[in-house]
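There are 2 protein chains.
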Amino acid sequence: MKYKAEVTIMPLKELLDPQGKAVLSGLKHLDMPQVKDVRVGKHIVLELEAANETSAQEAVDEACKKLLANPVMEQYEFVLHEAGKK
Amino acid sequence: MKYKAEVTIMPLKELLDPQGKAVLSGLKHLDMPQVKDVRVGKHIVLELEAANETSAQEAVDEACKKLLANPVMEQYEFVLHEAGKK
Numbered sequence: 001m002k003y004k005a006e007v008t009i010m011p012l013k014e015l016l017d018p019q020g021k022a023v024l025s026g027l028k029h030l031d032m033p034q035v036k037d038v039r040v041g042k043h044i045v046l047e048l049e050a051a052n053e054t055s056a057q058e059a060v061d062e063a064c065k066k067l068l069a070n071p072v073m074e075q076y077e078f079v080l081h082e083a084g085k086k
Numbered sequence: 001m002k003y004k005a006e007v008t009i010m011p012l013k014e015l016l017d018p019q020g021k022a023v024l025s026g027l028k029h030l031d032m033p034q035v036k037d038v039r040v041g042k043h044i045v046l047e048l049e050a051a052n053e054t055s056a057q058e059a060v061d062e063a064c065k066k067l068l069a070n071p072v073m074e075q076y077e078f079v080l081h082e083a084g085k086k
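The listed protein sequences correspond, in order, to chains A and B.
The first sequence runs 1 to 86 under the numbering used here.
The second sequence runs 1 to 86 under the numbering used here.
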C-alpha cells in the first residue's frame, strides 16, 4: 500500500529560533508590526510503500529519528494517510 | 484578538525539488528503500494581533506574498485559529 506522510519539524519551544527572529524583523520592516512572533520549521512530505499503516508509521518515525529531525533542537510530528485519499 | 497562523510552504509540484531528492538519496543510504518520494518545504508559525479573523487572514496572506513564499517556485497555504484554542 502507498502512504503519504506529512511531517512537521519545529525548533523546540525552549530554544531561541534565529530564523524566526530574522523573519519577524523582516516583517516589521515591511510595516507589519501586528505580527508578534514567528517560528520557522520544516514541512516534509514523504511518499512510501508499506504493508500496513503500522509499518508505515514505524518507517516514518525511523526516517525522522535517523535523518530528518535533530532531537536536540527540534521536535517532530506527522500525519499519515493512504495515498489517493486526502 | 490574538491569532496563530500555521503556514505551509511547498515547492510547486511541477518543479524538481533538489532538497527533497537529497533527502530521498540519504534515506536510501540509510537502508530505507520503501520511501519513494520526498518533498521538503517550510512550516512557519505566526502569532499576530488583529481586530478580527478577516483582517488576520489578510495580514498572513500579505506576509506570505511579501516575504515568506516565493510565488515563482512555491505555493503556500495556511490555517488560522484564535490563540489559546488549538
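Source of the hints: derived by calculation from the structure; they are not laboratory data.
Some hints could be false.
The list cannot tell twin chains apart, which means a pair is met if one copy fits it or any two copies do.
With a straight-line cut-off of 16 Å between C-alpha atoms, the simulated EDC-like cross-links for lysine to aspartate or glutamate are [unchecked claim]:
#	residue 1	residue 2
1	K13	D31
2	K66	E49
3	K28	E6
4	K2	E74
5	K65	D17
6	K2	E82
7	K65	E6
8	K65	E82
9	K2	D31
10	K4	E74
Pop the pair K65 and D17 into one bin, within, between, both or neither, using alpha-carbon distances up to 16 Å.
The answer is neither: 21 Å in one copy and 22 Å across copies each exceed 16 Å.
Identical-chain pair category, K66 with E49, by Cα at 16 Å
neither (18 Å within a copy, 38 Å between copies)
K65 and E6: within-copy, between-copy, both or neither at 16 Å Cα
Within one copy only: 15 Å inside, 23 Å across.
16 Å Cα threshold - placement of E82 relative to K65:
neither (22 Å within a copy, 32 Å between copies)
One pair to classify: K4 and E74, alpha carbons no more than 16 Å apart. Within, between, both, or neither?
neither (22 Å within a copy, 20 Å between copies)
At most 16 Å between alpha carbons: which applies to K28 and E6, within, between, both or neither?
neither (31 Å within a copy, 19 Å between copies)
Up to 16 Å CA-CA - D31 versus K2, copy category
neither (45 Å within a copy, 18 Å between copies)
Identical-chain pair category, K2 with E82, by Cα at 16 Å:
Only inside one copy: K2 and E82 sit 6 Å apart there, 35 Å across copies, limit 16 Å.
Using 16 Å as the alpha carbon limit, work out where K2 and E74 are close: within a copy, between copies, both or neither.
Neither: 27 Å inside a chain and 25 Å across chains, both beyond 16 Å.
Is the C-alpha distance from K13 to D31 at most 16 Å within one copy, between copies, in both cases, or in neither?
neither (26 Å within a copy, 32 Å between copies)
Against the hints set out earlier in the document, violations occur for numbers 1, 2, 3, 4, 5, 8, 9 and 10.
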